[in-house]
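Number of protein chains: 2
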Amino acid sequence: MRHSISVLVENQFGVLARIAGLFSGRGFNIDSLSVGETIDPDVSRMTIVVRGDDRILEQVMKQLNKLINVIRVVDLSKEEHVGRELVLVKVVANQRDRAEILSITDIFRGKIVDVGPETYTIEITGDENKIKALINLLVPFGIKEIARTGRVCMGRGSKSIKV
Amino acid sequence: MRHSISVLVENQFGVLARIAGLFSGRGFNIDSLSVGETIDPDVSRMTIVVRGDDRILEQVMKQLNKLINVIRVVDLSKEEHVGRELVLVKVVANQRDRAEILSITDIFRGKIVDVGPETYTIEITGDENKIKALINLLVPFGIKEIARTGRVCMGRGSKSIKV
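Residue numbers (my numbering), protein chains in the order written: chain A, 1 to 163; chain B, 164 to 326.
Chain A extracted, bound-state conformation (with noise of 0.2 Å):
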């Protein structure tokens, strides 16, 4: 099962490297990992995408938790979530092709960001069967580049992660 793990740390020198030799030690391999500050400048925010056993899992959260520097850990995957990702594609549009990326562009609610010569660079944000289903029509155009951020997570409803 896919996990998304939401971890708040304090804002310190190592402390990524740290969490990301964790998962790798125990044969994690992460699918995306994203980590940006909070309100509190002394406290970031990660999210991490992992596939693997569930019972190993547990014992890196157990882990995590006792990690200086970490200060809360939550499976949001138990929980009824939000998840969203944003993801910029550069994909070849030739004049042919433009009027058929736009609409494309268009039904996905995504934005025309950057237009080169012979590209157009997309911004899309959704959930990753959205970002797959457009990628997978973006394919035949030729991709050129793609950057993904990774998904973020927030649980449904009042409740919160905090310090």
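These are computed hints drawn from the structure, not numbers from a lab.
Just so we're clear, the structure is a prediction, and the values are computed from it rather than from any experiment.
Just so you know, not all the hints are guaranteed correct.
[Claimed, not checked] Keeping only pairs whose Cα atoms sit at most 30 Å apart, straight-line, the calculated DSSO-like set for lysine-lysine is:
1. 111/A with 322/B
2. 322/B with 132/A
3. 78/A with 66/A
4. 295/B with 130/A
5. 229/B with 295/B
6. 293/B with 274/B
We have chain A already, so just place chain B on it with the hints.
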């Protein structure tokens, strides 16, 4: 100066920990980091935003280039590029404030992605300044939680960072 570094890496255990370790070992703090898949499932793309001494950063990039599993390292801050981030914000939304929060969200072209009895969760994408402006407007209502993907970047025009 703030730098946005794009790194193509082989999707192997431990690469992320080694890269994060290289930056923290040199005293760089990572403002944001995102890593996600590319079209090639064996290759991931990271975007790392760091602040620090330019001369030391150049050394770190040289060391990154020498790391096994690292395919390409590019400092996109030195080129024309598009940079975007996605942020989820859970804000306290009392009956009295809901209309105002909705109108702020509309102005920033954000989306309400979850509604609780006393909260809205807003999705917004854009550059740092836009996101900072929205967050500042939401602070007075009470921000309960924030999850940022960190910045992803792509060079403008037809050039691309390839394997």
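Hint-by-hint comparison with the structure:
1. Of the supplied pair hints, the one linking residue 111/A and residue 322/B holds, its CA atoms being roughly 20 Å apart against a limit of 30 Å.
2. Restraint check for residue 322/B and residue 132/A: the C-alpha separation of about 23 Å stays at or below 30 Å, so the hint holds.
3. For the suggested pair residue 78/A and residue 66/A, the alpha carbons sit about 21 Å apart, so the restraint of at most 30 Å is met.
4. Straight-line distance between C-alpha atoms of residue 295/B and residue 130/A comes to about 27 Å, which keeps the hinted pair within the 30 Å bound.
5. Between residue 229/B and residue 295/B, the direct Cα distance comes to roughly 36 Å. Violation of the 30 Å bound is thereby established for this hinted pair.
6. Distance check on the hinted pair: residue 293/B and residue 274/B sit about 14 Å apart at the alpha-carbon level, within 30 Å; holds.
Comparing the model with each earlier hint shows a violation of hint 5 alone; every other hint is respected.
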